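**Student:** Using the sequences provided together with the hints, build the complete structure.
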Amino acid sequence: MKEKRELTCIGCPMGCQITVVLKDGLVTDVSGNTCKIGDTYAREEVTNPRRTVTSILKVVDGELPVVSVKTGETVPKDRIFAVMEEINSISVEAPVSIGQVLIENVADTGVSVVATREIKKV
Amino acid sequence: MFDVLIIGGGVSGCCIARELSKRTWKVGLLEAEPDICEGTSKANSGIAHAGFDAKPGTLMAKLNVRGNALLEELAPKLDIPLKRNGALVLCFEEEGLPKLQELYDRGVINGVKNLKLLSGKEARELEPSISPEVKGALYAGDSGIVCPFGLTIAMAENAAENGVEFFRGYRVTGVEQGDNGIYRVSCDNGLVLETKVVINAAGVYSDRIHNMLPEKEGHMTMEIHPRKGEYCLYDKQAGNLVQHTIFQLPGAYGKGTLVTPTVHGNLLIGPTAEDVPEKNAVATTRAGVDKLLLNASRSVDKLPPTKQVITSFAGLRAHHADHDFIIEESAGYPGFIDVAGIESPGLTSAPAIGEYVAELVQEILPAALKENFKEVRKGIVTLEGKTLEEKKTIVSENPAYANIICRCESISEGEILAAIHRPVGATTLDGVKRRVRAGMGRCQGGFCSPKVVEILARELGIPVEEVRKSGEASVIIYGGVK
Amino acid sequence: MIRKSLVIIGGGPAGMAAALGAVENGLAPDEILILERDKRLGGILNQCIHNGFGLHTFKEELTGPEYAARYEAQIKAKKISYKLGTMVMSIRDGEEKEIIAMNGQEGILEIYAKAVILAMGCRERPRGALNIPGYRPAGIFSAGTAQYYVNMEGKLPGKEVVILGSGDIGLIMAHRMTLEGAKVKAVAELMPYSGGLKRNIVQCLQDFDIPLLLSHTVVDIHGKERVEGVTIAKVDEKSAPIPGTEKYYSCDTLLLSCGLIPENELSLGCGITLSPVTGGPVVNESLETNIPGVFACGNVLHVHDLVDFVSGEAKEAGERSAEYVRNLSAPEAEEGIPVLAENGVRYTVPATIRTQHMKESQTIRFRVGKEYRGVKVCVYLDNTLLRSIPKRTMAPGEMEKVVLLKKDLADRNVKSIRITVEE
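Residue numbers (the working numbering), protein chains in the order written: chain X, 7 to 128; chain H, 352 to 833; chain D, 31 to 453.
No lab work stands behind these hints, which were simulated from the structure alone.
Hints are supplied without guarantee of correctness; some may be wrong.
[Stated by the list, open to error] Think about it this way: if two alpha-carbon atoms lie no more than 27 Å apart in a straight line, the pair counts; the simulated DSSO-like pairs of lysine-lysine are: (1) D/Lys215 with X/Lys83; (2) D/Lys400 with H/Lys658; (3) D/Lys113 with X/Lys126; (4) X/Lys126 with H/Lys802; (5) D/Lys215 with H/Lys742.
Because the structure is a prediction, the values reported are computed rather than measured.
**Tutor:** This is how it looks when you write it as structure tokens:
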């Protein structure tokens with residue numbers, strides 16, 4: 007069975023309109039992208055969509071009450087809320103350094119949650 | 352037991368409180384909202400009317416002219432922002448000119464000074480941005496602009512300094528008179544206060560308070576009709592459009608749309624006039640604002656673009672069918688004084704209302720003047736309008752003044768702290784805004800409101816979730832997300 | 031009293047990149063002073079915790095705070111001086127530029143500089159300018175204020191949310207509030223297209239099935255103390271609500287994301303000419319305003335979509351300011367050639383080009399007034415077509431650019447440069 011999917015690339019702010027052609031669930035053609043990122047994104051998006059999750063995590067004794075975090079790599083789109091649940095369940099103590107791993111293997115995705123900001127202890 | 356309890360912390364109530372604080376009475380003021388100046392007093396034109404508009408012989412006419420003179424006298428003593436910018440009443444048709452003359456004559460009868468009839472050309476020379484259609488104008492040199500919050504708050508602070516007790520967040524649910532003539536005033540939070548004299552200055556709700564006492568001979572049921580007026584406030588960039596307050600010849604529904612600079616340098620247009628069923632129906636409407644823009648564009652040649660409007664708001668006039676102030680002791684209930692139907696020029700008249708009511712109370716319950724009455728009140732020190740050297744002194748004495756919180760109006764933490772810690776201090780976001788203008792600028796609190804909320808929480812010793820915009824239900828933020 | 035060669039107002043992405051640009055072009059780090067009103071460098075990036083920053087500058091995808099941290103590290107490594115918590119009150123032009131600023135530690139500061147770079151950023155358009163009728167309860171926030179509460183304070187400003195305006199911050203907040211447990215009911219957009227980046231529509235709305243209502247607006251706000259709901263209606267081509275299309279959405283929060291305005295109070299105060307289109311200063315090829323030695327870059331100049339472009343523009347402003355300081359005694363340059371925005375192009379930055387100050391290549395950034403498909407951007411020197419660049423799509427939400435080469439203008443007596451959109 008042949009299927010055509012129209013996507014907006016999220017690889018960068020250009021937002022290229024990409025057409026992906028699938029045959030029996032396999033990608034046979036990608037067009038409309040202007041770079042390699044678009045090709046990769048399109049292939050993944052129709053088979054196994056993934057996203058980077060960015061959020062905040064509670065900090066104890068920090069200059070701010072929360073630290074911004076992100077998943078070190080993308081996680082499966084359908085795991086976003088599972089990732090959030092785990093982020094919401096923990097808190098860390100200041101100081102926190104930028105890039106510090108705060109959760110390993112979040113929600114069994116194999117991906118870490120890392121700090122994206124430095125938080126000094128107060 | 353109080354000698355006098357004032358119900359209502361608007362400009363009337365606060366002026367009455369200040370006037371009563373000159374004598375030895377024990378005075379209390381009950382305000383339903385968490386702060387004073389929450390009703391009509393916060394949403395009006397901010398004009399010190401000269402007094403040519405009111406019908407000669409009415410209490411309104413008398414108190415307007417007297418109030419305007421008192422404002423002049425009190426402004427320096429109480430640090431009330433007041434500017435005598437003069438007003439022009441515009442007439443667009445030749446046929447309307449006799450009406451201008453009528454207005455002029457009425458002013459003369461009312462005792463208004465500095466009135467002058469101008470030709471269209473003379474009016475345009477005085478105020479170049481008015482419409483070329485203007486055929487003639489009445490100039491009133493005694494008209495001014497006043498900050499309605501500044502006036503109300505100054506009166507309240509001075510009253511509090513002189514011993515008046517303020518009860519904010521106390522909604523009156525019942526007034527009854529005992530056999531001994533003493534009144535019992537009960538509030539929704541269970542508080543019951545006893546007093547010899549009750550002053551009903553509850554604005555649009557003054558009929559409800561009045562009607563809490565059973566109807567009888569000399570005390571008939573009262574009705575106050577809320578009449579909504581919508582306004583648009585422009586950015587300070589547009590503040591120089593006109594120097595004078597520009598009125599149009601009055602119509603059946605009041606003074607028509609005015610265009611005026613505000614005492615703080617913005618441009619204000621308004622109000623509409625629409626009878627509304629509810630006493631808190633202060634929603635603005637598209638139709639109202641559109642009408643306003645249309646009417647105002649009649650007065651001035653070029654109204655600034657609507658994108659310079661920083662906020663629109665609506666206020667309610669406490670209209671009584673007689674269209675006069677009703678300030679009298681009830682014939683049926685001695686010691687119960689109504690201060691009702693206080694619509695425009697209520698703000699201007701307020702100091703005179705205070706004086707007038709104090710005379711009524713003096714007749715009922717004579718008392719001596721206090722020896723230690725403090726008649727001077729200093730406003731919050733601000734950086735605005737100060738020289739560099741003066742600013743340096745202020746900042747070196749109080750470093751909190753160097754921490755600017757509201758960028759649009761250049762309001763520092765120093766001013767906000769003062770707003771919170773003064774007598775009858777601010778406890779809400781709107782309270783801070785009315786006292787020091789934080790959040791009143793062109794971004795309307797976008798940047799500063801989280802910071803003001805933080806300062807309020809810190810200074811009041813409450814979690815930020817408990818800080819309110821104004822009323823109990825006006826939650827600003829819910830709990831933490833984690 | 032402080033004397034510096036260069037004072038930069040604002041320590042966000044523009045201010046930091048400008049400082050680095052100036053150092054790169056030979057200005058000593060101790061001759062530069064950055065004045066930042068917040069407690070930390072980084073500006074609005076601090077609260078933009080989402081990713082998507084840095085693809086052009088660092089060739090990797092960073093979050094806002096990470097992007098800011100990279101620049102902050104360079105500022106510190108180069109030992110460029112900065113003052114935090116310092117608010118500039120006024121700038122005055124004269125023999126030197128006089129800057130009055132203040133902070134809690136030092137009180138009022140009088141600073142003199144040879145050159146000034148304006149990098150104050152922008153602010154959100156308030157409700158008043160949108161003329162939304164209704165009550166004025168708590169629960170109406172600009173999207174940026176909500177972003178501050180959620181991302182910096184960890185507090186939720188609402189549980190059931192409607193967003194007016196599909197600018198990027200609005201879209202990002204739809205995403206962020208959803209992740210943090212709020213229900214975003216709809217995003218209403220007055221225009222028939224979104225003002226935000228396409229990727230944000232996908233990632234922030236489509237991923238969570240949040241409806242984007244194009245050609246819709248909020249016509250009423252309900253609730254006297256806290257927002258209880260809003261009425262949304264469809265609008266016609268003139269943006270007027272169509273009677274009968276009103277629909278009530280129950281919610282406790284209304285977020286406004288209806289555009290950004292360059293923050294130019296200081297600029298106005300010192301006599302800088304602003305563009306009525308961008309709200310930012312009118313600048314020449316050197317990003318210099320009508321006051322010689324006062325430069326502008328980043329969102330205070332014109333609102334950008336991408337911080338990478340802010341950094342690029344700011345670096346150039348920094349370089350140019352260093353040149354200015356170096357050549358202070360040089361004679362006045364010739365009048366610039368006007369760059370005219372025509373036929374669908376709303377504005378250009380720069381607005382004039384002085385050929386003798388032009389680099390080998392000059393980027394001209396601009397925005398278009400509506401959505402286009404399959405068009406060309408044409409550059410004319412007077413009436414001669416110089417270049418025609420095909421564009422598959424263009425939208426008001428995305429900044430465009432063309433590049434002009436010095437040799438394009440050489441030996442020609444050009445009176446105007448025109449940028450147009452053509453079929």
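**Student:** Compare the structure with each hint and give your call.
**Tutor:** Outcome of the hint check:
1. Between D/Lys215 and X/Lys83, the direct Cα distance comes to roughly 21 Å. Compliance with the 27 Å bound is thereby established for this hinted pair.
2. At most 27 Å may separate the alpha-carbon atoms for a hinted pair to count; D/Lys400 and H/Lys658 meet this at roughly 20 Å.
3. For a cut-off of 27 Å, the pair hint linking D/Lys113 to X/Lys126 stands: about 19 Å separates their Cα positions.
4. Only pairs whose Cα atoms come within 27 Å are accepted, and X/Lys126 paired with H/Lys802 is accepted, the gap being roughly 20 Å.
5. Distance hint between D/Lys215 and H/Lys742 is unfulfilled; the C-alpha atoms sit about 48 Å from each other, more than 27 Å.
The structure fails hint 5 only (numbered hints given earlier).
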